[in-house]
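Asker: Residue-level listing of the chains:
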Amino acid sequence: MVLSVPNTVFESVPTRVIVFTGNYGSGKTEVSVNFTLGLAALESELSIVDLDVVNPYFRCREAIEPMEAAGVEVIVPRGETFASELPIILPEVKGAMTRDTGRLVLDVGGDDVGARVLSSFGPALRGDQAELLMVLNARRPFTDTVDGALRIIREIENASRLKVTGLVCNTHLMEETRVEMIQEGVELAEAVSAETGATVRFVAAMDDMAAGYIEAVGGSPPYPVLPMVRRMLPPWISPLRQGRDRFRQIGLD
Amino acid sequence: MAKKLMKGNEAIGEAAVQAGCRHYFAYPITPQTEVAEYLVRRMPEVDGVFLQAESEVAASNMLFGASAAGVRTFTSSSSPGISLMAESISYIAGAQLPVVYVNIMRGGPGLGGILPAQSDYFQATKGGGHGDYHLLVLAPSTVQEAVDHVILAFELAEKYRNPVMVLGDGMIGQMMEPVQFPAEAVTEPPDRPWATVGMKNRPQNLIRSLFLNADELEANNLELRAKYDLMERDEVRFEFYHADEEMDVMVVAYGTMARIAKTAIDALRADGVKVGLVRPISLYPFPKRAVREAAGRAKAVLVVELSTGQMVEDVEWAAPEGVPIHFFGKVGGNIPPPEDISEEISKVLGGKATPRGLYGRVEEAS
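So the protein sequences, as listed, match chains Y and A. So in the numbering used here, spot 168 of the first sequence is number 168, and the numbers just go up one at a time. So in the numbering used here, spot 216 of the second sequence is number 216, and the numbers just go up one at a time.
Since the hints were made in silico from the structure, they are not lab data. This one's a predicted model, so the numbers in the text were calculated from it and none came from an experiment. Treat the hints with caution; some may be incorrect.
Computed spacing ranges between beta-carbons, pair by pair [as the list claims (entries may be wrong)]:
1. Y:A194 with A:A183: 25 to 35 Å
2. A:M1 with Y:R154: 45 to 55 Å
3. Y:G95 with A:Q52: 33 to 43 Å
4. Y:A69 with A:P109: 31 to 41 Å
5. A:T308 with Y:G218: 57 to 67 Å
6. Y:N7 with A:K352: 19 to 29 Å
7. Y:K163 with A:P193: 50 to 60 Å
8. Y:R161 with A:A270: 47 to 57 Å
9. Y:T8 with A:M1: 30 to 40 Å
10. A:E184 with Y:T145: 15 to 25 Å
If you want the ones that stay clear, here's a sample from chain Y, every Cβ over 12 Å from chain A, calculated [to be verified]:
11. S26
12. P91
13. I214
14. E215
All residues carry an ideal CB built from backbone N, CA and C; glycine is no exception.
Work out the full structure: start from the sequences and follow the hints.
Answerer: Encoded structure:
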């Protein structure tokens, strides 16, 4: 990583429990995993729950290893149910939610359908001990306008019976992201904030884009910036060495 | 419209809207349910209809009715759902109606699993339903291509009055990529003098696949065959990736597997290995001539699929005598990393792999 993660990102959400929600494909999982890995450096007791009961294709389950290596307790269905489409809520989840110590990150499934599960945890998430953060990508369908984003927020609030208290700007177009898109995303989030009262907490962007954004705003961004490393990789982008080296490694050359 | 970040399934739904389709009938099934989730929001915005049927059997018969009534219509499903639709697909082909099917494949047979697979190649290209018919089958390998193929599918379905299938694996439906929708995707529908839209001053139209008279049925069969001949002449689509030069190994793959193969090929070519890829884009009509011609420039062929070997049979049929054909497949929802493919290529290069024999693998093993 080129940039270090500023503590101001974590100071912006000081509650014990931090819930990441958002519309489908807003980047909740990528943000939760990168956020958790950063927070792990500051906290001795930290857990993350994969509460995505909607779709098992791309979940934080794929990022389990680096988080466990960082000392994070990862609460996720294991074994046979890992790739099931069953709405599984592990008993450990309620335990983690009701205890008094340690920090807890929840990665919730997309849209109101995914957020409905939160309503079953009721009191544990109400009051001042939990933040409900809405991850916003202004380049996604249905959250590309203020009205669209407000509608999704209302749907998530109704389904979860909780109030969205903070916004995370995660506007991107994957490899085709440009710095201006991040700025557009911040503007959208500010407009949404003005309507809902939920405050903009931080801006998330892939490492190089985060650096570009900070530079573009003259080195002093209006909100803390979480630089991220992409954890959910498609299978044709391989982090391993290719070609001849690989042949030697497996004894074929 | 600005470039958007979309899931394959959402992009498929939007592509149908952009292509002017306002009638979507479907029944949910993983891994393509987001098509329905997207359209349940989107269709009302454009005065369109999404009707969730009570089953795939019903959905596909609704397509029959809607298409007969002269409107652009489509459905999306996944493997077991397409099996349930098979009967009506055959009826629709027999009745010569334009309908677009999207199959986001999951592992099988039976209920199988929900993870990506390419094991419906036989079903899509060789029938699925009964009788003498073909679907025109397009296989995208990116989300952008899924968009382009859905738009093209409506055009081809209407051109040939034949069902067209867009065949993607679960990865195509689930992954997110930036997509751009064409500014003018809506093509003017051709005249539909056959549609049941009210007689007015013309004779009655009857849309059917039932022809009890032998000569009438034969005539319908021959009309269908004449369309397939035209498709085989005019609708063959494929991509050569370094396949127009001499190759030590020629890889054949489609969809997600072609993408993984390209990563492996790039790495090997950087090391000076002569390897290329033929990617069939239309699976029916299969790019027989292209495979034959390219295989003539190769010392060996390696077919890679997310199945235990389906398209490989068409490659064997297409390739010239004497070129050894190897196969590598991964199933169950497991997707091989590019290294697995480079490893297979290197085994072929090093003479450490056994080609498929005339009767598959058993002959070689015994």
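Asker: Can you name, in rising order, the numbers of the hints this structure does not satisfy?
Answerer: 2, 6 and 11
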